[in-house]
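Enquirer: So the protein lines, in turn, are chains A and B. Position 80 (the first sequence) corresponds to 80 in my numbering; numbering is contiguous. Position 303 (the second sequence) corresponds to 303 in my numbering; numbering is contiguous.
In short, the hints are calculated from the structure, not lab data. On a predicted model such as this, the values are computed, not experimentally measured, just so you know. Every residue gets a Cβ at the ideal spot worked out from N, C-alpha and C, and that includes glycine. Watch out, some of these pointers could steer you wrong.
[Said to hold, decoys possible] Derived, one-sided and incomplete: chain A residues facing chain B with beta-carbon distance under 8 Å:
no.	residue
1	Asp13
2	Lys14
3	Tyr27
4	Ala124
5	Leu128
6	Asn130
7	Glu131
8	Ile132
9	Pro135
10	Gly162
11	His166
12	Leu190
Number of protein chains: 2
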Amino acid sequence: MTTTIVSTVELPDKARELLRNYDIDLYELPRLSKDEWTDVLSRTEVLMCWCGREFNLADNINSMKRLKVIQTYSAGVDHLPFSVIPSNIEVYSNAGAYSVPVAEHAWAMILTLAKGLHKPVLNAKDYLGNEITSPRKIIESILLVLGTGGIGKEIARIGKEGFRTHNIGINRSGKSAEYFDEVYPTSKLLDALPRADIVAITLPLNKHTRGLIGKEELRALKRGAIVVNVGRGDVVKEEDLYEVLKERQDIRFGTDVWWVHNDHEEIPPRTPLITLPNFLGTPHIAGGAQMEIAEYAMIRAVENVIRYIKGEIPMNRVNRDDYV
Amino acid sequence: MTTTIVSTVELPDKARELLRNYDIDLYELPRLSKDEWTDVLSRTEVLMCWCGREFNLADNINSMKRLKVIQTYSAGVDHLPFSVIPSNIEVYSNAGAYSVPVAEHAWAMILTLAKGLHKPVLNAKDYLGNEITSPRKIIESILLVLGTGGIGKEIARIGKEGFRTHNIGINRSGKSAEYFDEVYPTSKLLDALPRADIVAITLPLNKHTRGLIGKEELRALKRGAIVVNVGRGDVVKEEDLYEVLKERQDIRFGTDVWWVHNDHEEIPPRTPLITLPNFLGTPHIAGGAQMEIAEYAMIRAVENVIRYIKGEIPMNRVNRDDYV
């Protein structure tokens with residue numbers, strides 16, 4: 001049986017090529033007229049989407065009677081309207097597609113903050129004597145990574161191989177992971193935080209991780225800790241973060257991800273975080289840096305869909321109990 | 001025979017302890033009255049100094065009739081008044097004492113510049129679409145290091161192990177060095193520059209390296225190259241750098257070292273480099289970050305002096321033909 005696949009964006013040539021040898025009908029929505037959409041969506045078995053602003057899934061899902069699979073191009077799926085997605089539809093994320101660029105960005109923020117490059121001054125005495133800029137050493141420091149998935153592992157690898165860090169991981173079960181010297185379940189977070197020189201947050205946003213980092217966790221940080229968030233903004237409580245960063249200037253905090261209000265990641269955020277000298281922000285660009293990254297992500301998504309077409313088990317199946 | 005050793009600064013306890021078992025008289029100038037200086041200097045066999053602002057070597061060398069060894073606490077010796085130092089006095093530098101913190105600082109500048117963190121903007125489109133901030137990938141890039149000594153090797157190691165870089169080294173002879181995939185003599189510099197995604201300058205300043213990087217070399221850089229200088233400012237021609245950075249906004253340049261005029265490293269420099277958006281500067285703080293680094297450097301210097309006391313050959317003998 002021919003499988004009808006729809007992508008909500010145009011695919012790179014390489015991705016189309018991968019699909020050529022399979023019994024499929026491939027449609028890319030930007031190449032169709034709006035009139036053709038209705039017919040195509042009614043036949044769609046596999047939907048590939050960012051399911052962000054380019055395609056409103058909630059508005060369209062009722063007309064997709066034959067839909068069996070949603071494959072996202074994004075690594076996170078926290079923005080999907082799970083409550084309106086029928087339970088017989090499987091959702092697969094693109095977790096891991098952005099591991100390398102996001103881990104590089106995380107390390108760039110860590111080193112920028114560690115060496116005071118976020119607010120450099122040209123007077124050596126001021127630079128060295130200032131809590132905001134005084135350089136901190138990285139080599140052999142203790143790195144705590146929240147989340148031991150693709151991004152977390154790559155951050156741990158760079159730390160261990162490049163800077164001889166001792167790596168502590170936190171994940172849901174506490175099961176061991178490559179490049180980590182120790183791994184604990186989330187319940188042990190408060191024991192791990194005071195040990196860390198560097199903390200990297202790579203967690204997806206779901207009902208277990210939302211607001212995981214609040215005042216108590218932030219106040220448990222070691223003096224002089226560096227924290228970066230490349231997971232999702234709402235893993236950290238915004239008001240709590242602002243309050244603790246204001247009272248503890250020794251903590252330096254960098255984020256590429258922000259807080260969502262009304263389905264919208266607001267940059268700048270509602271609190272005056274960006275005015276704090278111990279805060280560094282970038283506008284959610286870690287994963288979307290270059291065309292080649294987006295292409296790689298789409299190709300990976302297509303490869304996962306091919307697993308489905310071949311009757312294999314696709315990767316990154318989303319457990320919707322984590323979200324609803 | 002008792003050896004008289006003078007340090008121009010107070011030593012950390014650990015360094016004094018190292019010297020305890022040897023037949024020496026140790027004097028620390030800040031603990032002496034100015035009246036005692038004359039007598040002590042006249043008996044000094046080994047001088048340990050920064051020989052910067054804390055001790056004017058040119059003014060004092062004539063009264064140090066028994067001086068045989070100058071051991072610097074600094075890694076570079078380009079500031080020493082070689083023309084007034086009698087030729088029977090051996091000079092030893094502290095090369096290598098700052099390799100780890102300086103290499104970390106070099107990588108911090110590389111990543112800051114690569115990910116646009118030196119001028120971050122909060123609008124994603126502006127960030128990604130702007131030549132000044134658009135993120136560049138690091139993994140598997142080509143890293144060219146000028147100088148394959150302690151700092152150069154550590155920069156190469158972090159690149160290779162942390163970011164899978166392909167490492168090209170440049171040194172005087174072209175002899176191979178650990179962590180480098182290829183090494184060429186300085187005469188091949190112009191062939192290597194167009195290949196590099198990242199260039200790290202770690203060269204000491206001497207008559208062979210002064211002004212090595214001028215317009216021709218800078219214009220030979222690959223589009224989008226990232227260059228950092230943690231060696232000495234005057235290895236690069238300041239006016240040429242300003243001119244090329246102004247005409248080529250694709251190049252991003254970071255420096256921790258500056259240009260010397262009248263024996264003084266001038267920060268900010270004479271050209272308006274610091275106004276350029278593709279320039280990042282820190283005030284020569286890479287090596288002097290924390291007390292522990294300065295202590296480590298002094299201990300290393302003392303260990304080298306102990307080699308001399310024991311009749312061994314000290315490390316880092318300075319070839320003064322490189323400087324005069």
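Enquirer: With 8 Å as the cut and Cβ atoms as the points, is Asn130(A) at the interface with chain B?
Expert: Violated, because the Cβ-Cβ distance from Asn130(A) to chain B comes to roughly 11 Å (cut-off 8 Å).
Enquirer: Can we keep the Gly162(A) interface hint, with Cβ of chain B closer than 8 Å?
Expert: holds, 2 Å
Enquirer: Was the hint right that Tyr27(A) lines chain B, CB cutoff 8 Å?
Expert: Constraint on Tyr27(A) not satisfied, violated at 28 Å.
Enquirer: Double-check Lys14(A) for me: the hint is only fine if its C-beta lies closer than 8 Å to a C-beta in chain B.
Expert: Interface hint status for Lys14(A): violated (18 Å vs cutoff 8 Å).
Enquirer: For the hint on His166(A), just tell me whether its beta-carbon gets within less than 8 Å of chain B.
Expert: Constraint on His166(A) not satisfied, violated at 15 Å.
Enquirer: If you take the shortest Cβ to Cβ gap from Leu190(A) to chain B, is it below 8 Å?
Expert: Status violated, d = 29 Å.
Enquirer: Would you settle whether the hint for Ile132(A) is holds or violated, based on the nearest Cβ-Cβ distance to chain B being less than 8 Å?
Expert: Since chain B brings no Cβ nearer than about 13 Å to Ile132(A), farther than 8 Å, the hint is violated.
Enquirer: Answer holds if the nearest beta-carbon of chain B is closer than 8 Å to that of Leu128(A); otherwise answer violated.
Expert: Since chain B brings a Cβ to about 6 Å from Leu128(A), closer than 8 Å, the hint holds.
Enquirer: Given Asp13(A) as an interface hint, is the shortest Cβ-Cβ distance to chain B below 8 Å?
Expert: Hint on Asp13(A): violated, closest Cβ of chain B at ~21 Å, above 8 Å.
Enquirer: Classify the hint on Glu131(A) as holds or violated, based on whether any CB of chain B lies nearer than 8 Å to its CB.
Expert: violated, 13 Å
Enquirer: Against chain B, run the beta carbon of Ala124(A) and see if the smallest gap drops under 8 Å.
Expert: holds, 4 Å
Enquirer: Using 8 Å as the Cβ threshold, decide whether Pro135(A) counts as touching chain B.
Expert: Status holds, d = 4 Å.
Checked against the numbered hints above, the structure breaks hints 1, 2, 3, 6, 7, 8, 11 and 12 and satisfies the rest.
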